[in-house]
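Q: The residues making up each chain are set out below.
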Amino acid sequence: MLNGLLAVALAAIFPGDTDIPSPTAAVERMTAFQAKLVHTGDGSSIEDCVILVKGGVITQVGANIKVPSGAELIVHDGALSPGLIALQSEDGAVGELNESTRTVMPEAEARYAFNPEHKDFSRALGVGITTLVLAPSPRSLIGGRTAVVKTSGGRVVKPAAQLMLGLSSDALNRNKFPTSYAGAMGELEKQFSNPEGSVSRAAGGSLPVLMDVNDRAETLRAIAFAARFDLKGALYGSYWAEDVVPAIKESGLDVVCTPFNVGEGSRGIRSVVGLSKAGVRIGFGLEAPDRHPESLRFGVALCVRDGLSPSAGMKALTGDAAAIAGVSGRVGRIARGLDADLVLWSADPVALSSTVKAVYIDGKLVHGGNQ
Amino acid sequence: MTGSADLPLLSDPPSYGTGRPPFQCEFPIAIANPADTNRLSLTGVTRVRRIKRMRSKVIWSSLVSLACGLSVSPMGSAFPGLELPGAPASEDPAVYVIRAEKLIERPGVVHENTSVLISDGRILEIGPDIALPDGATELKGAVVCASFIDPWSALGVDNGVLADTKMAESARTADGLNLFDVDHLFQEALRAGVTSARVQGGWQGKVCGLGAFVRLDPTLNDPKHAVLLPDADLAMSVGHSVNRGATFQRMGDGTFQMISGDRPTDVFDRVSEIEAVVSSVEAGEAYRRAEVEYKFKLKEWQEAIAEKQEELEDDFKKAKKDRDKKVKKAKEDGKEHKESKYKEDKKPREPKFNEDKAALARVAEGEIPLVVEVHRSSAIRNLLAGTERFSRLRLVIAGGSEALSCAEDLAERGIPVIVWPSLRGTTKKDEFTGATLSLAGELAAAGVPVLLGSGGRDADTTRDLPLLAQLAVGHGLEKEQALEALTIGAARAFDVADRVGSVELGKDADLLILDGMPLEPFTKIQYVFCGGRPAVTPEDN
Amino acid sequence: MIPLTEALLAAITASVPAPTLPVAVEATPVAEMSVYADAVYTGAGETIENAMVVIADGKITAITPGAEPGDEDLHVAAITPGMVDLSARIYPDGYSVEETEEVTPWIRVDLSLDPFSRDWDRQLRNGVTSVVASPYDNNCIGGLSVALKTGGSNSIEARTIKSNVALRGAIGSQPSSKNHPAFGRPTDFYSRRPTTRMGVEWTWRKAMYDALQAEGDKERAFDGLPQLLQALNGDLPVFVQAWATQDIRTAVFLKEEMAGEGKPNMQLIIDAGAEAWREIDFLVRTGTAVVLPPYRASGRTTDGAFFAADCAAKLDEAGVPVALSSHNAKAGGETLGQQAAHARRGGLSFDSALAAVTINPARMVGIDDRVGSIEVGKDADLALWNGTPFELTSRVVGVVLDGELVNDPRK
Amino acid sequence: MKNQKLGTLARTAVATCLAATALTAATNAMPFSDGNIVIKAGQVITLDGEPIENGTIVIENGRITAVGKDIKYPWNAEVKEYPNSVAFPGFVEALTNSGMDRANENIDVAAFLNVKDSIDPVSFYFEDSLRSGVTTLNVQQGGSCVVGGMGYIVKPVGMTVEEMTVQPNSGIAMSAAPKSGKSRATQTLALRQTFDDLRRYLEGVVQEKRDGVDLATREALYQGREADEETSKGRPMGGNGWKVSNLEMIPRWEIDEKKAPLLGIVEGKTAVFFYCSTPGDVQTAIRTAKDNGFLNRTVLCLSSGCWKAADLIKQHNIPVILSSVLTHVERDPVTGEEKETFVPAVFQDKGVRFALRSAGTSGKSLWYQAALCVGHGMTREQALAAVTTTAAEITGLSNRVGSLAPGKDGNVVIFSGDPLSVMSNVEQVVVEGNHVYDRSTDVRMRHLETGAQPENTSAEMETGTPHKHDEPEEKDDKEPDEGENEEEKDDDHEGHEDEEN
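Residue numbers (this note's numbering), protein chains in the order written: chain A, 1 to 371; chain B, 1 to 541; chain C, 1 to 411; chain D, 1 to 501.
Treat the hints as calculated values from the structure; they're not laboratory data.
The structure displayed is predicted, hence computed values, not measured ones.
None of the hints are false.
Below, a list of computed lysine to aspartate or glutamate pairs in the EDC-like style, where the Cα atoms sit at most 20 Å apart:
{"id": "1", "chain 1": "B", "residue 1": "K308", "chain 2": "B", "residue 2": "D322"}
{"id": "2", "chain 1": "A", "residue 1": "K119", "chain 2": "B", "residue 2": "D430"}
{"id": "3", "chain 1": "B", "residue 1": "K320", "chain 2": "D", "residue 2": "D228"}
{"id": "4", "chain 1": "B", "residue 1": "K352", "chain 2": "B", "residue 2": "E282"}
{"id": "5", "chain 1": "D", "residue 1": "K69", "chain 2": "D", "residue 2": "D48"}
{"id": "6", "chain 1": "C", "residue 1": "K314", "chain 2": "D", "residue 2": "E449"}
{"id": "7", "chain 1": "B", "residue 1": "K331", "chain 2": "D", "residue 2": "E226"}
{"id": "8", "chain 1": "B", "residue 1": "K347", "chain 2": "D", "residue 2": "E203"}
{"id": "9", "chain 1": "D", "residue 1": "K40", "chain 2": "D", "residue 2": "E427"}
{"id": "10", "chain 1": "B", "residue 1": "K346", "chain 2": "D", "residue 2": "E208"}
{"id": "11", "chain 1": "C", "residue 1": "K411", "chain 2": "C", "residue 2": "D121"}
{"id": "12", "chain 1": "B", "residue 1": "K352", "chain 2": "B", "residue 2": "E285"}
{"id": "13", "chain 1": "B", "residue 1": "K308", "chain 2": "D", "residue 2": "E219"}
{"id": "14", "chain 1": "B", "residue 1": "K321", "chain 2": "B", "residue 2": "E311"}
{"id": "15", "chain 1": "B", "residue 1": "K166", "chain 2": "B", "residue 2": "D269"}
{"id": "16", "chain 1": "D", "residue 1": "K269", "chain 2": "D", "residue 2": "E254"}
{"id": "17", "chain 1": "B", "residue 1": "K352", "chain 2": "D", "residue 2": "D197"}
{"id": "18", "chain 1": "B", "residue 1": "K352", "chain 2": "D", "residue 2": "D256"}
{"id": "19", "chain 1": "B", "residue 1": "K352", "chain 2": "D", "residue 2": "D211"}
{"id": "20", "chain 1": "B", "residue 1": "K297", "chain 2": "D", "residue 2": "E208"}
{"id": "21", "chain 1": "A", "residue 1": "K232", "chain 2": "A", "residue 2": "E250"}
{"id": "22", "chain 1": "B", "residue 1": "K428", "chain 2": "A", "residue 2": "D290"}
{"id": "23", "chain 1": "B", "residue 1": "K299", "chain 2": "D", "residue 2": "E203"}
{"id": "24", "chain 1": "B", "residue 1": "K347", "chain 2": "D", "residue 2": "D214"}
{"id": "25", "chain 1": "A", "residue 1": "K357", "chain 2": "B", "residue 2": "E520"}
{"id": "26", "chain 1": "D", "residue 1": "K209", "chain 2": "B", "residue 2": "D345"}
{"id": "27", "chain 1": "B", "residue 1": "K346", "chain 2": "D", "residue 2": "D211"}
{"id": "28", "chain 1": "A", "residue 1": "K176", "chain 2": "A", "residue 2": "E187"}
{"id": "29", "chain 1": "B", "residue 1": "K102", "chain 2": "B", "residue 2": "E480"}
{"id": "30", "chain 1": "B", "residue 1": "K524", "chain 2": "B", "residue 2": "E105"}
{"id": "31", "chain 1": "C", "residue 1": "K411", "chain 2": "D", "residue 2": "E340"}
{"id": "32", "chain 1": "D", "residue 1": "K259", "chain 2": "D", "residue 2": "D196"}
{"id": "33", "chain 1": "B", "residue 1": "K308", "chain 2": "B", "residue 2": "D345"}
{"id": "34", "chain 1": "A", "residue 1": "K36", "chain 2": "A", "residue 2": "E47"}
{"id": "35", "chain 1": "D", "residue 1": "K233", "chain 2": "D", "residue 2": "D211"}
{"id": "36", "chain 1": "B", "residue 1": "K343", "chain 2": "D", "residue 2": "E208"}
Based on the sequences and whatever the hints tell you, model everything.
A: What follows is the structure in structure tokens.
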């Protein structure tokens, strides 16, 4: 929390390392949202809650807040949640994040690959996703740096959020280096033993890593690698995690869960539920636009059906996801000082039968409502 | 039972016209006393004793079939020696009484504080205060409703049959069920509240063959029990190229078969595919007509020939005399006797039997529905135009990604659309490009009968149908319509509404006990009754 | 490479204790068990009838003859040491070999292994408790082999008996089979040498001479040099797949050539030496050990090599150290025990057959201090049989691995 | 160097010419006697009572006339004495798809064909069988069919099919497992239609005949004469299945020769060997057999996964022939654990009669399969029955082969020791009283054992297989059984691998 506040404070002094002026900066008028139930994003909820927003930023949250006169009042007879966060996506950048000619590109930046006006983003908005992590392809050993972006206005929340590492067989090739796990690990070891640039930031723990893994052996290998070079960050890939939950828990790494298909094998679901119950921080990848953006909530719904608590599911979509992406000081929760990325739902956001009524990014209506 | 003992052949020619028309098989026991509106019961006092007697399978099933006048449908004789297709196994004669705070008989019809008595797999009694028979199990629940039906599923279908691109019209999915290795899938689907499904093989071919309606009881790996209706429909598919963008899939027998993926065909292919569907129906109609004509002509001929025979017999003495005379004369003349020419009485020719066309005839006559998977609006439009003149045809659209453009027509003709609320991305250019999650809601709003299915591709997806239904609700479908689609709507479309789809007297006891209203996000299913037995209990969750 | 492994290995080797009596370890709770058998084939030269093997803390602590089992006790017809397969072929297919170069001595196969793979269990339940995993033989010199237990912990490090037990390579058609000459513009890295047997042999020789020249010359150092030098100096056995007679000769001649260059200590183990029976003189002359491939009824094997049924017997008779293997991790073919049965049918004595699946292979890669025989102080790895071992009418019905009954014959 | 030349050139073991010359030498060089022979062995395992120590088997005119201890035999009989060996009945291969030119016909219904036209008497398969002590083989079309051709039971001795014949027309192959290009649904449809068409055909023929008679009657009436009497008559339809009434109107020779074998099946005259590759196929097979009245003539030929239908099979009391893959491996779809099921034990426990099949020719023949059964807990009697007496029973030859008893064919295998021991060898084989195999003169066996190159074989004739790699593509050394489309599935573990990810 303190960190978050600090980040906000810093952001106030140095208006982000984004340099991109907020499109809502000019909106000076205060807006008040009054909803029957507000999910704050940290697992709790407040009934009959009022949220005050000014300048695109949440200024006050609580049940007994008086709406100042002159404020625009939006009364919502349903649930309100922070904008949902998808932790892996190619939206707006299909085919642009898979640089297959070389396998080590630590300085590559996903932020330069996407088209902010692409209709993928409006599809995401339509299901309540306001923040996405655009991640380089895991087909490279070191694919580059992910970018956290908003789904409206092309705003980059964090330009170099994580360093993408490919530790799964996806990074092994048939006709270029590496073709073997040993070759891949050797190369990574080389890079991290004499680190430079992003790699050195990752090795120092200041830049989190996102390590793509698939099977159990890869997961254990990634954990050992992270331990060896003191890496912080998350594993991407959860299907087989069930059998290695204690190892993941002990490693302190977060897990970005692989998105779920309809009919997903029960092992994948058990893995996510198991991780959550063990206290591992989880979020969900999306892999859009290959997948429908509703896959994000669908995965959570599957897990909730099989034992994940709805509040844990909600956290994984919002607050925890923001923390994994390293942007918890900006988005993911409804708290004072954070961006006013709000979604108005007909009912509980974790329920698939709930409908998105309106989406606000930085306090500005971007989808639905009475636009 | 009737027909099975002396007709052991797998496929007798269907006896047309006498087949069971849809919905006619009412359960023999109706409301006993019209005055007693509250109580649907066998008869008042002797109830319990009677239930005990009913436990005998023989009495029970014969009672049912006698009263129904139900003869085994000839095409159903793939399962000979079978009294009642899909009869719930009654090895477990347990009697259950379920006391529900809310009983959803069917969407929109809700009874408060009502009990349901189940015995031998059937619902025997529904009423506010049913006494607990000896040895019966009593269960309580907040809400009881009919369990779900997946009208478009692949569950239990052998992979080779699913991938078969050369299914004939007469090929039966029921013959291609693999019920030995799917217990876990059945169990997962049951846990989600789905207890029966219309399963269909051959989705990658233009003709997919006959679909089956199955019950997902994992303890019944015998088609005799699992198959509720062997020929639930005839299915066809438009727009899926069989040969383009092909990949290879491992078949059940270890061989590889080329499969298509969901690549679309082009517009012209689609036009010709629609034409093929239409002319198939036409051929079926013509086949049936020829058959009827033959029967008529045969009868005419038989009558004429009988008359003629009589005539000849009457005239025989004279003819014999004449002949004797002639023979004698010929002998005298030293010539050989030439028999007088008998003008041949030509028998009408029987049309050549063709099982495929016989199946199409059933479709053309509306005995079974025709399910066509079709997505593009132009194709749907052509299909609707092409089939308009077949007045008895019961068309069902599967998929219908772009059906909205024809909604008015569909609504007017009452053609159901099985929507598959799938989570497809945008990168793949396929037949589904036009589909959105709001399709079900929008079609329903336009008055089209909407069903929800899991797509019939993967056996795994049936489990998620209730979630997909919720997703459809999230995108505009009314909750009640969704529930209807998953229960009685699907049952009705595939002629099993007399057996499943609602909680009513005499129906199979396929129902759910829930802690809240169905399809609500956090409602938990406590019991799933499948064929009168609790297939899922709270311990399973 | 990864210090963790080395540290762990050090810890393990350090903990190989002198035989301790059960009393000595009473202070800490230890898993203790005993197994009775009508016959215990120790693999250390004796067969003890009606014996009891006592195990504590993962080690064999006593072998007591004449013990009477109670009704509840674990009692089987026969016990042999847990078997050792140097060529079980446990690897994740292609992902274990770095094919971007044809000589990759530094590649460590343990980084490619999947402890969750079912291949392990298939070995374990058939009585194979130790295996050597090697890189897939698509390279001339593929990398470093590792000796592991087939079960126990889910961590490869913990399963490791000994890292870097051999430098693995292949001679024959396989290393060249994917390559092709570069016509015009090369399209992938397979546009390269070697494409022939001659090229394979040249690649081997070049690697060896490069190493010889670079020895002590820092300027000429290259990746894999330390491993090649270790091999040349005899510190690391060279484990070469060579099916056919000419490939076996190539390996042997290479060793002799290196001896001529002042490296007489190179240790050679031929893997899959189907035609070793033709080359016994050379094998004896160079002190080369042989691991045989699985038996084929037709005698026909890979690379056109003819595998005579009496091969193992002939080698054994001539004094060539011989081990059998199943290549069975993926194929689901015959077990190592069945291979021993076939070798017996081919004339190998029972004792030699036992040695060929236990102590011989253990010795070849230097893990005989821990596994390969039933002796006090060694790891408690046992194969429990329901009849006479190495007959088709009996099989492994139970397995003890590191003192733990991982497969209970009573179930 | 001698070795070098051999080494470089002679890389493969089995050269066509090599085995041909070798075995022909081993078998046919032996002068055919008249089927009279007396065998004395240290032990005679008759499988028809207790083993006899120092027993004698008397074979006259190809048939056993006496078995026992210290029995009399004709003074002029040729006596073979094997005091240190074991005499054993010749093994019975209850089903094979080998030894034919090709195992499958590509048309769906080929009941009018006969495998005898495809059997290749000089095929190595028969030599290898003999070498392994198999003296009776039921050769059937492979499983890639709907209704296959008629099978033949042969002995692995003779230069023509006629010489080899033990029992012609041993039964027809049918398959519930999909033929290539078919799925289970279309295969079942084809099976159903086959008999449906037959019935419709027969009814049509009867109807036509009847119409003809009616017409003739009317014509006679019209012409004023008595109608002709029907002269040629057939038989009414027999069997337990469906009946076409008035079939006796049709003389059997008038029935289409392509339909006649099918009618034979329905009338229960022909045994049916029904291939099944999944437990679901077993349901299909039983249903088809039941509906058409030949259930009591049906033998199911199962692939290993079919053990799951053992209860169903027991319920209908059908004998089965098991696949050569004795251990069924599958993965639990939920846990991913690998489960092994030893199939013969399942059927043994359920009380289903079963026979085993060889898994290869010389290496994994019937003795090998029986030995594995013992290793998995079956008794020796049970295991041996599955490759001798039960196999004979299932193929309808229980009065001729499977055990050493008076009246049976004189098929004797002399083992060097216990027939199930890996250390024993087949030393001599006597088939129908003729001494047809002697290991000491079997040059091919010597070649397999020691690599010795038989004389008069030239290295040029050998066929090598260059550039073939062991792992992981290669399958085990199984016979190229085209008929066994079910077998691949059992062996294919890579397939399971795919499912995992």
